[in-house]
Amino acid sequence: MNSAQQQAMTLTINGRETVWDGDPSASLADVLREGQGLTGTKIGCRTGECGACTVLMDGRPVVSCLVPAGSAQGERIETIEGLAERADYQALVQAMLEHGGVQCGFCTPGVMVTTYAWMQQPERFDGDLGAALKNNLCRCTGYLGILRAAEQALAAGGGAR
Amino acid sequence: MAWIQPRSVAEAVELLQQRRARVVCGGTDLFVGGPARPLAPEQEDWLDVRRIPELCGARRTEEGLEIGAAVTAAQLWEEETYRALPALQQAAKIVGGWQIQNRASLGGNVANASPAADMVVPLMAYRAKVRLAGASGERRMALQDFIRGPRMTALQEGELIVSLIVPERMLGTAQVFLRHDQRAATDISIVSVALAAAVAGGEIAWASAAVGAAAARAYTLSEEEEQLWRGRLDAKAMARLGALYAARSAPITDVRAGEDYRRSLVDTYIQRAARTVLGQ
Ligand SMILES: Cc1cc2nc3c(=O)[nH]c(=O)nc-3n(C[C@H](O)[C@H](O)[C@H](O)COP(=O)(O)OP(=O)(O)OC[C@H]3O[C@@H](n4cnc5c(N)ncnc54)[C@H](O)[C@@H]3O)c2cc1C
Ligand code: FES
Ligand code: FES
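Quick note, the sequences are listed as chains A and B, same order.
Residue numbers for the first sequence, in the numbering used here: 24 to 184.
Residue numbers for the second sequence, in the numbering used here: 0 to 279.
Watch out, some of these pointers could steer you wrong.
Stated by the list, open to error - A few chain B residues that face chain A, going by a derived Cβ cut-off under 10 Å, partial list only: (1) Ala1; (2) Val8; (3) Val23; (4) Cys24; (5) Gly25; (6) Gly26; (7) Arg50; (8) Thr71; (9) Gly95; (10) Ile99; (11) Thr152.
Simulated from the structure, these hints should not be mistaken for laboratory data.
Virtual Cβ for every residue (Gly too), placed ideally from N, Cα, C.
Work out the full structure: start from the sequences and follow the hints.
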């Protein structure tokens, strides 16, 4: 494999444009973690199943382990670090703490990204966050805390843009 | 290795000629487990079809609904345009989870030609056509002829899928897609069935069904045999249909299910689909 060859790619990550030099078939998850030091994005499986690597691309959750860096050019990428700076995200953080939505925490960044995206349009998946989280595996919480937290954050107006 | 993003079908076809690049769309099949390798050592470039506007939307034509190959599963279940194709929407909504649906394309599902591919099944029931573009121009063929076997298609070197064409008569018919899986999580189909039927007054005028994951590729019956779908379909007629589709299956045994179990599921799901479109 000729992975030694590099390409300069312009990526927009958390509102900032960055030129990244590297293998365009490298996964966005690796570019974020190793290239950009954004280690909030976790890698659990590299097969698209666990959802720990979830980030937003143009507002839609995707598993960044399956997104080649080349494919991410020209899209608005938002990671958990970007969301953490948003005011309308804080209600969800607070609610997760109150309801025990976090235990070991490994799935949490991915769960937060997907949940936040769903909260922008909670009528998606017939209002069922559980269905929206099908691609986020949590081995600890049993999801109940997460669902309750989202409910509370929504009630507090955390979702309306 | 370069990542190339052509902006038109013509440009893509030209680049495929010059650079022998490998076509990629959402990458949810190609990049599982880490960066995929180009097919052959001389294929050093990736040709990303997601920036070709023609591939990213749908349009109504005289023939029916033409759906661009790069349209994602999430677009299919979310957008108004596809309301006339509820079986395809149901299949799109079962592909992986939300994150996969935001990347997985219809064209990729077809080109990948997995026997368990979900979106292929309603397309087969619709008798969809595949529109292809290559160096020698465009051609189209029935999806049934395009998919040859597990991971085998009639796609030629330097060709790409432009769109899938769903015939007019299928739009707005009574439809259903049913899938049997083990975990209902991000799982692979054990058996799936899609059915499109013209129903009026509790009677079927005509219908077309396809079965997935129960043979080397999704299959339908011949149009002659499909005449059996006509009428009110009492229990006996449904049992006959179920048995006929089951007899055509050639399932494998794997960790998910045994051959006999899969075959009997075909029967069960064909009958369940029939009852669903008849509102029973
Ligand atoms: C966790 C997970 C769960 C999944 N669950 C399901 C499921 O439930 N049901 C299901 O059916 N699938 C499932 N898949 C498989 C996959 O998501 C689908 O097959 C998807 O539709 C592939 O589309 P893509 O755009 O990502 O393809 P890519 O990975 O980009 O490409 C796949 C193949 O198609 C070729 N290709 C792509 N576009 C074109 C084109 N326009 N012209 C010619 N060739 C082309 C590529 O060269 C490659 O060979 C799952 C995958 C993952 C990772
Ligand atoms: S690491 Fe990407 S889905 Fe598990
Ligand atoms: S908190 Fe441990 S996996 Fe979810």
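Structure-based check of each hint:
With a cut of 10 Å, the hint placing Ala1 of chain B at the interface with chain A holds, because the nearest CB-to-CB distance is about 6 Å. The closest approach between the C-beta of Val8 of chain B and any C-beta of chain A is roughly 19 Å, which is over the 10 Å cut-off, so the hint fails. For Val23 of chain B, the interface hint holds, the least distance from its beta-carbon to any beta-carbon of chain A being 7 Å, beneath 10 Å. Here the hint on Cys24 of chain B is kept, as its CB sits about 9 Å from the closest CB of chain A, short of 10 Å.
Hint on Gly25 of chain B holds. Least Cβ distance to chain A is approximately 8 Å, under the 10 Å limit. With a cut of 10 Å, the hint placing Gly26 of chain B at the interface with chain A holds, because the nearest CB-to-CB distance is about 5 Å. Among the interface hints, the one on Arg50 of chain B holds; its C-beta lies about 8 Å from the nearest C-beta in chain A, closer than the 10 Å criterion. Hint status for Thr71 of chain B relative to chain A: holds, with the closest Cβ pair at about 9 Å, below 10 Å.
At a threshold of 10 Å, the smallest CB-CB gap from Gly95 of chain B to chain A is about 6 Å, leaving the interface hint in force. Below 10 Å, beta-carbon pairs count as interface contacts, and Ile99 of chain B has one with chain A at about 6 Å; its hint therefore holds. At a threshold of 10 Å, the smallest CB-CB gap from Thr152 of chain B to chain A is about 22 Å, leaving the interface hint violated.
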